[in-house]
Amino acid sequence: MATQKHEPIPEDMYKEHILELYKSPSNFGTLKNPNHEATEYNSVCGDEVTVQLYVKDGIVKDIKFSGSGCVISIVASSLLTEKIKGQKVSDVKILKGEEVLKLLKIKLNPARVKCALLSLDAVKGALK
Amino acid sequence: MNLNNETAKTLKRDFPIFKNNPGLVYLDNAATSQRPKQVIRAISNFYEKENANPGRSTHRLAEKSMEAFNEARKTIAKFIGANPEEVVFTKNATESLNLLSYTILPLVKSGKNEILLTEMEHHSNLVPWQQLAKRQGFKLKFVKIKPDFTLDYDDLKQKLTNKTAIFAFTYISNVLGTVNDVRFLTRLAKQKRAITIIDAAQAVQHLKVDIKEIGCDFLVFSSHKMLGPTGIGILYGRKELLEKLRPFNFGGGMIKRVSWHDSEFKNTMEKFEAGTQNIGEAIAFAEAVKYIEKIGIENIQKCEKELTAYALKKLKEVPGIRIYNPGEQKSSSLVSFSLSGIHPHDIAELLNKEKIAIRAGHQCAMPLMERLKVQGGVCRASFSFYNTFEDIDKLTKVLKDIQQRFK
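Residue numbers (my numbering), protein chains in the order written: chain A, 9 to 136; chain B, 85 to 491.
The set of hints was computed from the structure by calculation and includes no laboratory data.
Hints may contain errors.
[Said to hold, decoys possible] Listed below are the simulated SDA-like cross-link pairs for lysine to any residue, each with C-alpha atoms no more than 20 Å apart in a straight line:
#, chain 1, residue 1, chain 2, residue 2
1, B, Lys-491, A, His-25
2, A, Lys-115, B, Lys-484
3, A, Lys-122, B, Met-450
4, B, Lys-491, A, Leu-29
5, A, Lys-31, B, Lys-484
6, A, Lys-31, B, Phe-490
7, A, Lys-23, B, Lys-437
[As the list claims (entries may be wrong)] Restraint ranges, calculated between C-beta atoms of paired labels, are given here:
#, chain 1, residue 1, chain 2, residue 2, range
8, B, Pro-106, A, Gln-95, 25 to 35 Å
9, A, Gly-133, B, Glu-327, 50 to 60 Å
10, A, Leu-103, B, Lys-414, 44 to 54 Å
[As the list claims (entries may be wrong)] With the Cβ distance kept under 7 Å, some of the chain A side facing chain B (calculated, not the full set):
#, residue
11, Val-52
12, Asp-55
13, Cys-78
14, Val-79
Beta carbons: idealized from backbone N, C-alpha and C, even for Gly.
Using the sequences and the accompanying hints, generate a full structural model.
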């Protein structure tokens, strides 16, 4: 059977901007000289994300993330790291989950919220 | 009854879930099966017409419910070739294994201090033994899996020694589908005088399980994976072994006599059943067994084998698929797979949008996922006799669409 287009998959969560970002996420990789680091796990799927930060004078100067994850967790990590790069640590520490969810601009199933917030948990763990 | 793709469609009508969820393609039977109306009715029938506490009160209804409860035990015991007094009602297979892990020490022969498991165990047949090993200072060993997803018998022969106190293994892997030669494994273990415990949670609903033929010491399974209600399962134990174990829970129903400072307990299965039992569920569980027997377990096995063979053939058409299965001859009715570059949860989510239910993730076997070198787990499609070739066609088609989208 050829892989022609059948009826399209309804895709609230898998819109084009999300899939594009998944294929080439920002800030994916590791830092040479991080001074904060933490790894978070999602016990449902066994995913893990490691976040490394370089903080100087109370500012997040650089940040990278690595690990494996679903579309939602990778895209959320990408958007989150973009958002907090250059921000004050004191602001990052009080960043709310809802703000990360807003960055995604899609409606998430309850089961996937944990995926979206994995990197935020890691960032907060690293800055503890 | 000879099962085929057409009879599957007729049998599907016995399962109200499909009427209430039109278009549902349910391929998550290894997580929990669906229930036929006969089972659902048995529960409401009991609570509407016969409900009373068996074994305590002596009025008409209590006697009636006692009779039904006993009958249920007989039906389930006969299903696996056991005597009723060898069949203990528990919450599920997990609780049966936990019960054993907490009570088994009197059966461990002196000088033995090793527990042997396999690399294909579900967490429920791993963590209880791991924790017992920690408590007792026992050594924990795992029989390796070969690249063809079957057990490495050479590795087994090395690891099964005179020190092996317990050998606990799964009948069928919930991830790989591999059917283990449990008679052979039991025989090897007996030669080393090890206690044999079989996790049959993925087996009883798919093939004929006869404990006398296997010769094992203990065997556990859950009702909810075999068309029965949740919250009830079985611990089978050989009579002379159950008699040697101490009770796990204490309370009503399991005692002969109680004084302020001492108690005498009932023997065999009843001493493990403290408190009012899951009576309605036990009766409905027996109804599930009768439903399976009516169709015939051999017929079910044959039909599911055809489904599995078809699925293995069709799924190979999906570009970038990796299949974790020993092949139709050695597999039960499930196929685990992954698609390169796509996370299992994304696959499950996109299948879900097309009303296809599968399991994605670590499948309650995290160490095995590490062994298979898969991050984020795998996807698992698991079949029952009410599935059809069309279900598998739809799964294959949507997987191809997903693969296309992620290109």
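Each hint, compared with the structure:
1. Lys-491/B x His-25/A: holds, 14 Å
2. Lys-115/A x Lys-484/B: violated, 25 Å
3. Lys-122/A x Met-450/B: holds, 19 Å
4. Lys-491/B x Leu-29/A: Roughly 13 Å between the alpha carbons, so the hint for Lys-491/B and Leu-29/A holds.
5. Lys-31/A x Lys-484/B: holds, 18 Å
6. Lys-31/A x Phe-490/B: holds, 8 Å
7. Lys-23/A x Lys-437/B: Holds. Lys-23/A to Lys-437/B sits at ~14 Å (cutoff 20 Å).
8. Pro-106/B x Gln-95/A: 25 to 35 Å: violated, 49 Å
9. Gly-133/A x Glu-327/B: 50 to 60 Å: holds, 52 Å
10. Leu-103/A x Lys-414/B: 44 to 54 Å: holds, 51 Å
11. Val-52: Status holds, d = 6 Å.
12. Asp-55: Hint holds; Asp-55/A Cβ to chain B Cβ min 5 Å, cut 7 Å.
13. Cys-78: Cβ of Cys-78/A sits 4 Å from chain B, so the hint holds.
14. Val-79: Check passed: Cβ of Val-79/A comes within 5 Å of chain B, closer than 7 Å.
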